[in-house]
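Number of protein chains: 2
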Amino acid sequence: MPYGFHNKMLRVNLSTHEIALDEPGEEFFRTYLGGWGVIGHYLLKELVPGVDPLGPDNLLIFAPGVVTGAPVGGSGRHAVGAKSPLTGGFAASEAGGFWGAELKRAGWDGIVISGQAEEPVYLWIKDDHVEIRDASHLWGKKTADVEATLRKELGDERVRVAQCGLAGESRVRFASVMHDVNRAAGRTGLGAVMGSKSLKAVAVRGSGQVEVADRDKVRTVARWLRDHFMESGYLRGIHNDGTAGILISLDVRGGLPTRNFQQGSFDGAETITGETMTESILVERDTCFACPIYCKRCVEAAQPYQVDPVYGGPEYETVAALGSCCGVDDLEAIAYGNQLCNAYGLDTISTGVVIAWAMECFERGLLTPVDTGGLDLRFGDAAVMLGLIEQIANRQGFGNLLAEGCLRAAQEIGRGTERYAMQVKGQEIPLHEPRIKFGLDIGYATSPTGADHMHNVHDTALAREGAPIQNMRSLGILQPVAADYLGPEKVRLFKYRQAWRMLDNCLTLCMMMRDIFGADHICNLVQGVTGWNSSMFELMKVSERALAMAQAFNYREGFRPKDDVAHWRFSTPFEDGPAAGVRVPHEEIQRAIQLYYEMNGWDSDTGAPTAATLHELGLHWVAELLYE
Amino acid sequence: MPYGFHNKMLRVNLSTHEIALDEPGEEFFRTYLGGWGVIGHYLLKELVPGVDPLGPDNLLIFAPGVVTGAPVGGSGRHAVGAKSPLTGGFAASEAGGFWGAELKRAGWDGIVISGQAEEPVYLWIKDDHVEIRDASHLWGKKTADVEATLRKELGDERVRVAQCGLAGESRVRFASVMHDVNRAAGRTGLGAVMGSKSLKAVAVRGSGQVEVADRDKVRTVARWLRDHFMESGYLRGIHNDGTAGILISLDVRGGLPTRNFQQGSFDGAETITGETMTESILVERDTCFACPIYCKRCVEAAQPYQVDPVYGGPEYETVAALGSCCGVDDLEAIAYGNQLCNAYGLDTISTGVVIAWAMECFERGLLTPVDTGGLDLRFGDAAVMLGLIEQIANRQGFGNLLAEGCLRAAQEIGRGTERYAMQVKGQEIPLHEPRIKFGLDIGYATSPTGADHMHNVHDTALAREGAPIQNMRSLGILQPVAADYLGPEKVRLFKYRQAWRMLDNCLTLCMMMRDIFGADHICNLVQGVTGWNSSMFELMKVSERALAMAQAFNYREGFRPKDDVAHWRFSTPFEDGPAAGVRVPHEEIQRAIQLYYEMNGWDSDTGAPTAATLHELGLHWVAELLYE
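Heads up: the sequence lines are chains F and S, in that order. My numbering numbers the first residue of the first sequence as 1 and each following residue consecutively. My numbering numbers the first residue of the second sequence as 1 and each following residue consecutively.
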């Protein structure tokens with residue numbers, strides 16, 4: 001019997017209500033692992049180029065990886081994928097929690113959903129039992145209510161629920177797919193794809209196990225992580241204060257995105273950082289499947305913002321997006337905004353950055369109350385920020401425009417507002433500042449998912465402080481690379497780090513482990529779970545393969561190098577703050593992007609992976625698809 | 001203190017008699033490991049393009065690797081390098097035995113020799129003591145005599161000797177550097193470089209150890225090898241019957257190079273194969289430093305050929321080169337030929353193939369007794385074959401022409417003889433037949449060292465028999481590739497296998513271990529010896545780096561893709577034998593070569609690694625060298 005996978009991909013056609021089984025075989029799982037790899041494979045093989053992302057011909061794919069559900073910290077993740085309604089290109093986003101592990105325990109390696117239901121439905125998976133059920137009573141409900149209702153009607157409190165939320169129903173282009181109420185596959189608008197299929201939820205319950213090939217080997221990795229994670233300053237930090245614990249250090253360095261990235265430090269940073277959260281509204285530390293780290297928050301507040309811990313608590317991205325980026329220094333308001341986004345299924349990053357765009361445009365006089373339905377949009381106004389979240393999710397008033405994402409909204413409005421839309425390929429830029437993380441722009445500009453931090457975060461701080469971190473050494477990067485530098489060494493470092501991250505997105509393993517897992521941990525984990533003799537070379541090639549497939553998909557959808565442009569704002573210096581004067585020279589970053597293309601074996605003219613690159617990755621079928 | 005290396009490269013200038021020390025640092029050793037990597041580094045950094053390979057400005061480099069001298073089978077190797085007098089390009093060749101380990105035990109990581117002595121000298125290294133000594137009494141002597149003399153005059157029977165032999169003194173362009181009398185760094189004419197420097201020998205004795213970081217980890221690998229190697233059919237075979245044990249299987253498949261590659265099977269194969277050797281002239285199995293496999297032979301014969309076991313016994317390459325390739329079916333004559341080559345320091349491959357070329361030309365009437373000094377050159381004439389070895393080593397008569405290698409000889413003679421010169425870039429083709437090993441031609445045509453098997457052998461048989469071997473699976477090649485196929489899957493397989501081999505040539509680890517060592521063994525060995533956290537990804541990149549440096553060196557010396565051409569003969573089918581009718585279609589192999597270029601990131605027009613490729617490998621300095 002196979003280990004780490006079941007050789008069972010569930011196929012559901014919501015138009016015909018057909019339920020079927022793919023058994024792609026061991027080679028498939030070893031070649032793609034899961035996550036991005038599996039999503040890329042299905043999208044390239046089955047999607048007709050130019051398909052409407054919100055039409056019946058798009059696929060919605062739930063893709064855990066081979067380590068998902070194995071008894072080791074970091075394995076409680078999966079990816080969701082489709083063609084993106086936000087970018088028009090490759091969409092994938094990952095979520096933690098328990099849903100992915102539960103799907104594996106139910107005996108499934110993933111779900112590929114096609115078609116479109118005529119009436120709202122949900123999918124109920126109990127081990128081999130798969131059923132499409134009426135969801136009209138769930139439509140329009142908040143995520144916590146949906147989960148509670150489903151658990152009740154399915155008679156099992158341990159049912160795990162993935163759902164699209166009201167925002168997905170409304171086809172907000174940056175709607176998320178929510179899991180366990182507070183774990184979002186947030187980016188690239190996958191919730192809208194789910195909503196467009198009238199698929200309200202996927203409820204899962206499994207009674208099995210993820211069988212692993214070598215229990216001792218897996219246990220050794222799991223115990224090592226448990227016993228050592230507190231030695232990592234980063235992991236200790238996120239355990240203590242959540243991911244928002246990093247906020248204050250970014251502010252100190254002048255790289256906390258503030259007021260739509262106009263500034264890099266924020267007066268109110270102290271009041272919204274993770275440490276403050278710990279000391280004020282935190283009621284519980286939460287964690288994902290099998291994970292000892294407990295980086296998740298549960299927060300609670302009463303007046304004026306009724307915050308329910310069932311919706312968890314804000315991550316760093318959320319605090320920065322709804323907080324500093326909107327100029328809001330009220331942590332309880334941010335926590336409430338986080339609750340709204342989780343309840344409605346909105347990506348907190350895009351939500352915050354879209355609102356911040358509107359605020360900047362308003363303050364510059366490019367938007368007026370005539371546009372905003374009378375709203376006075378000012379940075380720092382928490383009530384307006386929260387009101388806009390409601391409007392976006394419900395597609396009401398000005399929120400109906402913002403629900404299109406800042407690029408489309410700006411194109412609709414005109415008047416030069418596009419200049420202030422902090423986006424690449426239509427996706428809002430996450431809350432990491434290239435002016436203190438030189439090279440990150442390469443990822444924002446080139447990522448197949450648009451501006452994205454899930455495979456691009458670039459911790460130059462670590463490199464700058466003398467010793468390159470151990471996992472980069474295990475890949476052969478032996479020298480620290482200066483922070484304020486964009487030359488070839490930086491591009492190489494960026495490429496290797498990105499590949500490491502992308503591997504996490506295939507396995508699918510939590511990226512937080514990067515700070516402590518070396519190549520040996522990853523290899524031992526994969527070997528222990530699957531029984532394969534995989535080397536880090538093989539695994540890095542899976543990662544390169546996944547990226548190449550996503551890039552090939554975008555090429556086929558018409559993306560070209562002209563779409564891979566760094567945002568102009570990062571080439572202008574901050575006027576004040578600790579990073580005052582620092583800019584990412586535009587010509588240098590574009591040169592770096594060009595070099596990154598060539599290092600990846602992507603054609604400089606078309607942006608597509610060359611035939612040779614695809615063949616070298618074993619993607620012979622993609623080479624045929626693109627070049628024959 | 002460092003493990004696996006001493007951070008001490010010995011520099012010797014024979015023109016000035018200066019002796020100096022390079023301390024290149026840990027990053028250097030981790031980046032290049034040894035062997036090809038170190039040779040490529042020094043040649044690119046220090047050689048002026050266009051330098052005369054036999055002049056004082058060439059370098060001669062002895063380069064063990066980080067695992068050389070560690071207590072594990074396969075670690076008794078090192079590489080020798082220079083600019084080649086045979087090809088005019090990058091030269092490197094590896095040898096087993098004990099010399100490399102002894103150099104490491106003496107506290108040195110390698111020797112870089114420049115200049116040219118006015119009178120014959122030898123180098124005496126006893127730990128830190130390094131001395132250039134007069135060698136006039138050794139000049140012209142046979143290798144066994146030189147070794148015995150040196151041991152006597154140095155008063156230590158355990159002195160290990162590298163030497164150039166009479167052929168090197170005569171600057172035979174395919175002279176080898178001999179170690180322990182019978183371990184040859186045979187290819188690319190390194191003996192001639194040594195001879196041109198009037199450096200007769202390098203005698204070494206060390207009293208130290210190669211300190212390893214984790215003795216248990218190294219011991220575990222060593223014991224595993226000792227306990228399991230007999231489970232490998234290949235290793236059991238070479239233990240029992242030496243490398244020549246494979247000869248009969250090649251004959252059976254119709255791929256034993258016979259009569260200058262005109263045929264693929266040989267009537268006398270049974271009489272010259274390793275099993276016959278075991279049953280007749282074998283007197284002892286020999287082995288290299290720390291190695292449990294004992295694949296080396298010591299053979300003995302009396303009349304008519306006085307064969308002394310001190311010269312070891314013929315490897316497969318030698319038996320095929322002097323035997324089937326020359327049509328000779330007399331094993332004792334072949335053993336005697338092997339002895340002559342080892343005594344004079346001649347590469348047995350080039351020697352046999354040069355003679356076979358002359359025989360074919362003679363039989364075709366392109367050479368006549370006027371050219372050969374009256375010799376009647378016929379395939380199968382052992383006496384003529386042996387006589388020509390003497391002539392070549394002494395540069396006497398017709399042998400003086402053959403000593404130039406078959407390409408230069410043919411160009412001198414003209415009359416269409418070049419057509420029958422089995423060579424690429426001037427180096428004679430080793431005794432592996434692309435018509436049964438589809439894809440091997442890619443290596444023959446493109447290798448920076450000219451036709452070479454030490455990083456190119458392509459065991460399609462293994463792939464053909466259903467299961468790709470385990471070490472290729474650990475790199476992610478999961479499917480067997482059909483033997484008679486030259487498409488993208490084969491090119492990818494070739495590239496990965498070549499990279500694995502090239503890693504052996506950097507580490508420097510015996511390539512025989514490839515059949516049983518997986519990626520984990522290699523990683524554990526490197527980690528255990530050095531204490532680094534190296535992954536297989538890092539190690540494969542070292543290998544790619546070494547190949548890219550050699551390729552860059554050749555580009556700088558004027559080599560271009562037009563020089564990378566598969567031999568026409570392999571595109572013509574055998575007329576009879578088990579592989580009758582099989583040919584390697586010329587257009588297909590050239591297409592495969594083109595794809596291989598692109599997979600490597602080499603420019604199709606110039607053949608040079610692109611700047612992006614060099615940067616991706618961390619070879620920023622080579623990118624500057626070539627492109628700035």
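Source of the hints: derived by calculation from the structure; they are not laboratory data. All C-beta atoms in this analysis are idealised placements derived from N, C-alpha and C, irrespective of residue type, glycine included. Careful: at least some of the hints might be erroneous.
[Claimed, not checked] Footprint (simulated), chain F over chain S, 3 or more residues, beta carbon under 8 angstroms:
1. 99-111
2. 229-241
3. 380-391
[What the hints assert, rightly or not] Taking beta-carbon pairs under 10 angstroms as the criterion, some of the chain F residues facing chain S (in silico):
4. Arg30
5. Leu478
6. Ala482
7. Tyr485
8. Arg501
9. Gln527
10. Gly581
11. Pro585
12. His586
13. Gln590
14. Gly601
15. Leu614
16. His615
17. Gly618
18. Leu626
Which numbered hints fail: Hints 1, 2, 3, 6, 7, 8, 10, 11, 12, 13 and 18 are the ones this structure does not satisfy, whereas the remaining hints hold.
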